[in-house]
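First to last, the sequence lines map onto chains X and V. Heads up, the first sequence is in this note's numbering, so the first residue is 1 and it goes up one at a time. Heads up, the second sequence is in this note's numbering, so the first residue is 1 and it goes up one at a time.
Keep in mind that the hints are not guaranteed to be accurate.
Residues from chain V that face chain X, not an exhaustive set, calculated with beta carbons under 7 Å [to be verified]: (1) Y109; (2) M132; (3) Q314; (4) P493; (5) F494.
Lysine-lysine pairs mimicking DSS-like chemistry, simulated, CA-CA at most 27 Å apart [said to hold, decoys possible]: (6) K126/V with K105/X; (7) K127/V with K55/V; (8) K40/X with K55/X; (9) K126/V with K55/V; (10) K55/X with K10/X; (11) K460/V with K377/V; (12) K426/V with K377/V; (13) K55/X with K194/V; (14) K451/V with K194/V; (15) K36/X with K87/V; (16) K194/V with K36/X; (17) K257/V with K55/V; (18) K105/X with K87/V; (19) K40/X with K426/V; (20) K105/X with K460/V; (21) K142/X with K105/X; (22) K40/X with K194/V; (23) K95/V with K105/X.
Simulated coverage check for chain V against chain X, where a stretch passes if three residues somewhere in it have a Cβ under 8 Å from a Cβ of chain X [what the hints assert, rightly or not]: (24) 116-130; (25) 188-195.
Keep in mind that the hints were calculated from the coordinates and are not lab data. Only a predicted model underlies this, so the values are computations on that prediction, with no experimental measurement involved. C-beta atoms are modelled at their ideal positions from N, C-alpha and C, and glycine is treated no differently.
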Amino acid sequence: MSLTPEQRGKLTLVTGVIGADTHIVGNRILSMALEKEGYKVVALGALTPAEDFIKAAIETAADAILVSSLYGQGELDCRGFRDMCIEAGLEDITLYVGGNLVVGKQSWNDVEARYREMGFNRAFPPGTRTPDVVDMLDQDLKGRAGGAAA
Amino acid sequence: MAGHPQLDPDGLPFSADRIPDDIFDEMRARNLARWPTGAEIDLDEAAAYHLAMPKHKQLGWVMRRADEEGRCLTQPRGGFGTLELQKELMTCLDKDGHADIVPTTTDSYTRNEQWENAANGIEESKKAGRSMLNGYPMVNYGPKVTRQLVEAIDKPAIVLSGTSMPRLTSEVGFAAGYSGYLGSGLAYTASYTKEVTIEQGIRNYQYLDRLAARYQDLGVELHRRQPGFLTGTNIPPSIAILTCIIDALLAAGQGVKNYGLELGQTLHLVQDAAAIRMARELTQEYLQRLGHDDIFTPVTSLHWMGAWPYDDAQCEALVAYGGTLAAIGGAVSVTTKSSHEAFGIPTPEANAAGLRTTRMAVYLARHIRLDDMPEFKTECNMIAREVRPVMDKILEMGDGDVAIGTIRACEAGVMDIPWSPSNHMKSRVMPARDADGYLRIFDCGEMPIPKDVMDYHHDKLRERAARDNLPFDHELAVSSVYELSENLETLIPFPWAAE
Numbered sequence: 001m002s003l004t005p006e007q008r009g010k011l012t013l014v015t016g017v018i019g020a021d022t023h024i025v026g027n028r029i030l031s032m033a034l035e036k037e038g039y040k041v042v043a044l045g046a047l048t049p050a051e052d053f054i055k056a057a058i059e060t061a062a063d064a065i066l067v068s069s070l071y072g073q074g075e076l077d078c079r080g081f082r083d084m085c086i087e088a089g090l091e092d093i094t095l096y097v098g099g100n101l102v103v104g105k106q107s108w109n110d111v112e113a114r115y116r117e118m119g120f121n122r123a124f125p126p127g128t129r130t131p132d133v134v135d136m137l138d139q140d141l142k143g144r145a146g147g148a149a150a
Numbered sequence: 001m002a003g004h005p006q007l008d009p010d011g012l013p014f015s016a017d018r019i020p021d022d023i024f025d026e027m028r029a030r031n032l033a034r035w036p037t038g039a040e041i042d043l044d045e046a047a048a049y050h051l052a053m054p055k056h057k058q059l060g061w062v063m064r065r066a067d068e069e070g071r072c073l074t075q076p077r078g079g080f081g082t083l084e085l086q087k088e089l090m091t092c093l094d095k096d097g098h099a100d101i102v103p104t105t106t107d108s109y110t111r112n113e114q115w116e117n118a119a120n121g122i123e124e125s126k127k128a129g130r131s132m133l134n135g136y137p138m139v140n141y142g143p144k145v146t147r148q149l150v151e152a153i154d155k156p157a158i159v160l161s162g163t164s165m166p167r168l169t170s171e172v173g174f175a176a177g178y179s180g181y182l183g184s185g186l187a188y189t190a191s192y193t194k195e196v197t198i199e200q201g202i203r204n205y206q207y208l209d210r211l212a213a214r215y216q217d218l219g220v221e222l223h224r225r226q227p228g229f230l231t232g233t234n235i236p237p238s239i240a241i242l243t244c245i246i247d248a249l250l251a252a253g254q255g256v257k258n259y260g261l262e263l264g265q266t267l268h269l270v271q272d273a274a275a276i277r278m279a280r281e282l283t284q285e286y287l288q289r290l291g292h293d294d295i296f297t298p299v300t301s302l303h304w305m306g307a308w309p310y311d312d313a314q315c316e317a318l319v320a321y322g323g324t325l326a327a328i329g330g331a332v333s334v335t336t337k338s339s340h341e342a343f344g345i346p347t348p349e350a351n352a353a354g355l356r357t358t359r360m361a362v363y364l365a366r367h368i369r370l371d372d373m374p375e376f377k378t379e380c381n382m383i384a385r386e387v388r389p390v391m392d393k394i395l396e397m398g399d400g401d402v403a404i405g406t407i408r409a410c411e412a413g414v415m416d417i418p419w420s421p422s423n424h425m426k427s428r429v430m431p432a433r434d435a436d437g438y439l440r441i442f443d444c445g446e447m448p449i450p451k452d453v454m455d456y457h458h459d460k461l462r463e464r465a466a467r468d469n470l471p472f473d474h475e476l477a478v479s480s481v482y483e484l485s486e487n488l489e490t491l492i493p494f495p496w497a498a499e
């Protein structure tokens, strides 16, 4: 069940590419698409330290953080991300991660399990298209959007 | 965490001028003191090490020979987090992949001068028994240990380090016996950083180029190379070539003599051949105009740098076709990818297979040239008509100084690149693919491209919009980003089956 653009307008998402990673294109297209669908998007861009995601989420009272990583070192960069959120008082924030999340071609089930264990609510494999992300966000955030889902 | 001290020397105004010797010595001393392995570096000893290597392991010499003999050399990318894994990789690429040039890609912490994070990555990799870093942490290992890698292969070695902060990595790489080094001030700063100013990036690469020139003074001709692939996302040839010219002029200013130009493939045979031809011609035109008449500028063609498909078979077609494009275009070398590209960093075996596929394609296509084809001539002419007005404007904005002109041009958007992560680029220019498969410019932003040339681009893109039933807007550019990663059912269906 999808949300209306008005409902989405009450939801704030923080996006960015984590760590020393400069792959901006997919993240920028995702951010543009989410905005077009009605979400409020705070786009931090490439080369964003984990702390900056959390700082931005606090400042904007964000509902979800969407972390991109394309260069393989995401596993090191994302370690402790959920704990940092909890320490910062963001116990309930929804965390997504997506991209090429490990070095090399590994079984997606293993990779997904690894990131779920790290505290991410969902992990998305390489090649995920924006409508799929919107569907998941609508589903996961409908409780926060207020009013009945359309 | 190591910071990013911008070691702009005192009293040295920003310009394209050669850095004076005494100031460069001071810059080097400060640079080498930033990490313990810097103390291992002795320039005279390192130059003697290079001179003692056989010619066929010296990339400056190998690139010149390949050009003379009309060869298209193959080179992959590749880096892992420990010395042992990296040695296995390089040996495999040399022996099983028949690579003509063997690479060492550094990890992203090293590229961003976060050497403490890189040290942690080495430990984590050892613990996990697999590479947790996306490259080889060259500064942490230092030149003495890293020479083991150069000695493990029988080909020239090149450092690949996508960064705007190459000062210490280049010192270590050259001292370790690497005779090639990829990277440049404008291209990498505009495509690999967010906050570093173009000015800082150019200054950092002036340091690297000045260092290469020091080796030249000692009798060692290193191969420097410019990464014109930029953000790797649908870069029209004219924009790549503009960065080639600017970075080549900056390098020549520091005394570099052997300077390669890289171009990402558009995947259109005619456009790629025209781009390869015009990159060299136009770069030489501007080098000579500014008084540099002895710079060797071979062109390297790069396998598709955008998003790749997830199907091995589709990837293999891109790999083979990429070898074909490079050979027909007359590139002196081709940089390869593999069937693992969509998933990130390939295994040594997949990487070696990509090399062999490419090598066979180069062999098959090696005698074909498009010189007399009208479409080829038209594209060459269009590229020149896009490049010259912008390049002339950049030089004018700098009152003849290309470094200053570049800063001002980037600020004003006169020089621009698509999809840049940098806060210092306008990134208003927007490319898209036309109905015939050429990359065109949908929106040139503030770039002074003549109106009739832009009309030509727009006409071609309108044809595509009409064919695909798309509005003539930015969506054309966005859909072009993912096109090549789509599956075959989408790209080329069998549309006549029963409903």
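Hint-by-hint comparison with the structure:
1. Y109: This hint holds: Y109/V lies near chain X, its Cβ roughly 6 Å from the closest one there, short of 7 Å.
2. M132: holds, 6 Å
3. Q314: violated, 12 Å
4. P493: With a minimum Cβ separation of about 18 Å from chain X (threshold 7 Å), the hint on P493/V is violated.
5. F494: With a minimum Cβ separation of about 23 Å from chain X (threshold 7 Å), the hint on F494/V is violated.
6. K126/V with K105/X: Cα-Cα ~19 Å, so holds.
7. K127/V with K55/V: violated, 39 Å
8. K40/X with K55/X: OK: K40/X and K55/X at ~17 Å, within 27 Å.
9. K126/V with K55/V: violated, 35 Å
10. K55/X with K10/X: holds, 20 Å
11. K460/V with K377/V: It holds: about 17 Å lies between the C-alpha atoms, which stays within 27 Å.
12. K426/V with K377/V: Violated, at roughly 31 Å.
13. K55/X with K194/V: holds, 18 Å
14. K451/V with K194/V: With Cα atoms ~32 Å apart, K451/V and K194/V exceed 27 Å; violated.
15. K36/X with K87/V: violated, 48 Å
16. K194/V with K36/X: holds, 24 Å
17. K257/V with K55/V: Given pair K257/V, K55/V holds - Cα atoms ~17 Å apart, limit 27 Å.
18. K105/X with K87/V: Given pair K105/X, K87/V holds - Cα atoms ~20 Å apart, limit 27 Å.
19. K40/X with K426/V: Judged against 27 Å, a Cα distance of about 23 Å means the pair holds.
20. K105/X with K460/V: Violated, at roughly 38 Å.
21. K142/X with K105/X: With Cα atoms ~34 Å apart, K142/X and K105/X exceed 27 Å; violated.
22. K40/X with K194/V: holds, 23 Å
23. K95/V with K105/X: holds, 23 Å
24. 116-130: holds (count 5)
25. 188-195: holds (count 5)
The structure shown violates the earlier hints numbered 3, 4, 5, 7, 9, 12, 14, 15, 20 and 21.
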